[in-house]
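S.K.: Chain order of the listed sequences is A and B. Sequential numbering from 1 applies to the first sequence in my numbering. Sequential numbering from 1001 applies to the second sequence in my numbering.
Calculated directly from the structure, the hints in this document are not laboratory data. Note that this is a predicted model, so its numbers are computed, not measured. Worth double-checking, as some hints may not be accurate.
Said to hold, decoys possible - Pairs of lysine to aspartate or glutamate residues, derived as EDC-like cross-links and limited to a Cα-Cα distance of at most 20 Å, are as follows:
#1 Lys1161(B) <-> Glu1184(B)
#2 Lys1330(B) <-> Glu1280(B)
#3 Lys1172(B) <-> Glu118(A)
#4 Lys1161(B) <-> Glu118(A)
#5 Lys1172(B) <-> Asp1186(B)
#6 Lys1161(B) <-> Asp131(A)
#7 Lys1333(B) <-> Asp1186(B)
#8 Lys1172(B) <-> Glu1096(B)
#9 Lys1172(B) <-> Glu1246(B)
#10 Lys1051(B) <-> Asp81(A)
#11 Lys1161(B) <-> Glu1223(B)
#12 Lys1089(B) <-> Glu123(A)
#13 Lys1089(B) <-> Asp1140(B)
#14 Lys1322(B) <-> Glu1290(B)
#15 Lys1322(B) <-> Asp1306(B)
#16 Lys1089(B) <-> Glu1149(B)
#17 Lys1161(B) <-> Glu1096(B)
#18 Lys1161(B) <-> Asp111(A)
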Amino acid sequence: MNIDEVPQEESAVYGGHRKGIYARGVDGRLCLVPSRGWEAEEIVTRQAVEAFEALAAAARERARAGQSSPLEYHMYRARMDVPMLAQASGLWRWRVRRHLRPAVFGKLPPDLRARYAEVLGIELAQLDMVD
Amino acid sequence: MTDTGFVHQQASHCESGVMAAIVRHYGLPLSEPMAFGLASALAFAYLPCIKLAGLPLVSYRMPPRAILRGLQKPLGFSMRFETFRSPEKGAARLDELLDAGKVVGLQASVFWLPFMPPDFRFHFNAHNLLAYGRDAARGDYLLSDPVLEAPVRCARSDLTKARFARGILAPKGLLYYPASPPREPDWKRVLPAAIRKTARVMLGAPITLIGARGIVWMARAVERLPVADPRASKLYIGHLVRMQEEIGTGGGGFRFLYAAFLEEAARLAVRPALAELAGELVEIGDLWREFALAAARMIRDRDPLDPARLGVLLRAQSAREKTFFTALGKAAK
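Please model the entire structure based on the sequences and the hints provided.
M.R.: This is the structure in structure tokens:
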């Protein structure tokens, strides 16, 4: 890739940042060229972000309908899934999965609630809410 | 506030960027591509048995920490690595080192770094960055994240959370700095050796999932993707493109970065053949970008989803890399 071919496609996912890519400069040598974004990359990044957003939206509906605990919503909002949340919180997967049930979640002891809030990076009070 | 005279320089990949900055700061001028290539960091691996969010592990480089460790031998110095059981101890140790005027490398999770663009904040725990000072009055660290254009500030609590994230590749507060200063090596000796190692990884790994042959395995998996389940298939090919193009690869799955290394190596080791091969690798990188573009167009339904077509592109890449690394191995004899 030559320096004039480095895409500068004002990518929303870069949040105003520029990223370095190695390309052939005018002197014929490879050098680091700042890029404002490339559409192909933006598509796949957005795809991954949107996949979590869709999971969180569906989990929110389920939580409102009482079919799932708010924990499921917060998990996806923190871009995690059950294996990741289990690893981050140091709990077995089956326990995390159990805590996704509203009845079990409602009786969660304070120390586990604090652990989830910490791992998900939210306030303790937020844990019960699906904003 | 401490001033260590540290100079921030943007890089394409976090680990090679951090190590090049550390080596430079501690006395030896070193470019990012040189740090990457000298540590033999280029590779390819397709590991379907290791799943990340249900998707296979695909990597275009050696595992994390390969560059942190790999530069010690060629540059004749040793790095000190420290991990911690408790976040408090890890934060206190970092403060102590910074107050002593050291520039310190850190491993952290991208997700918990507030200065990262939100769309890049996934739970990737093996990100690397540098701390070069702290503002004790405001409780901020002065950080140099090599993938960003400028240094940033970060609150103590945020950085500590990122350094002690749990999960796959958990950083455990890892920090590192040289225990002795790096020395200028005999380039004519260390460069061919580093290149031969990369050629060996790409051609002669004991399992065929690693190296140029691994790309065929990946092609096969792509060809088998069901067109009847477009959502899952698109997530799969999107994942491959993310591993190849997203922040930290320098584009084309690190191939452009390694080409820049070969160009520099050609000068330092006085082997002009390497410069020619650098040009060939740039073309291979361009073709990786073509694959990325073809996949992205299918994901957005600009082209019909056609796994077989992507498979053809990948098989061609495997053949090209096989030829390329064979020639590279010979050129570095």
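S.K.: Evaluate each hint against the coordinates.
M.R.: Comparing the hints with the structure gives:
1. Proposed proximity of Lys1161(B) and Glu1184(B) is contradicted: the alpha carbons are some 37 Å apart, above 20 Å.
2. For a cut-off of 20 Å, the pair hint linking Lys1330(B) to Glu1280(B) stands: about 15 Å separates their Cα positions.
3. Pair hint Lys1172(B) plus Glu118(A) holds up; C-alpha atoms about 16 Å apart against a cutoff of 20 Å.
4. For the hint linking Lys1161(B) to Glu118(A), the alpha-carbon distance of about 10 Å falls within 20 Å, and the restraint holds.
5. Under the criterion of a C-alpha separation no larger than 20 Å, the hint pairing Lys1172(B) with Asp1186(B) is inconsistent with the structure, at around 35 Å.
6. Between Lys1161(B) and Asp131(A) the CA atoms are separated by roughly 24 Å; this puts the pair beyond 20 Å, and the hint is violated.
7. With a C-alpha separation of about 16 Å, the suggested pair Lys1333(B) and Asp1186(B) falls inside the 20 Å cut-off, and the hint holds.
8. With a CA separation close to 18 Å, the supplied pair Lys1172(B) and Glu1096(B) stays within the 20 Å bound.
9. Distance hint between Lys1172(B) and Glu1246(B) is unfulfilled; the C-alpha atoms sit about 25 Å from each other, more than 20 Å.
10. A C-alpha spacing of about 12 Å is found between Lys1051(B) and Asp81(A), which places the hinted pair at or below 20 Å, so the restraint holds.
11. Distance restraint check for Lys1161(B) and Glu1223(B): the Cα-Cα separation of roughly 41 Å exceeds the 20 Å cut-off, and the hinted pair is therefore not satisfied.
12. A C-alpha spacing of about 24 Å is found between Lys1089(B) and Glu123(A), which places the hinted pair above 20 Å, so the restraint is violated.
13. At most 20 Å may separate the alpha-carbon atoms for a hinted pair to count; Lys1089(B) and Asp1140(B) meet this at roughly 17 Å.
14. Under the criterion of a C-alpha separation no larger than 20 Å, the hint pairing Lys1322(B) with Glu1290(B) is consistent with the structure, at around 19 Å.
15. At most 20 Å may separate the alpha-carbon atoms for a hinted pair to count; Lys1322(B) and Asp1306(B) exceed this at roughly 25 Å.
16. Between the alpha carbons of Lys1089(B) and Glu1149(B) the distance comes to roughly 31 Å, so the proposed pair goes past 20 Å and is violated.
17. Between Lys1161(B) and Glu1096(B), the direct Cα distance comes to roughly 18 Å. Compliance with the 20 Å bound is thereby established for this hinted pair.
18. At most 20 Å may separate the alpha-carbon atoms for a hinted pair to count; Lys1161(B) and Asp111(A) meet this at roughly 19 Å.
In terms of the numbered hints stated before, the structure departs from hints 1, 5, 6, 9, 11, 12, 15 and 16, listed from lowest to highest.
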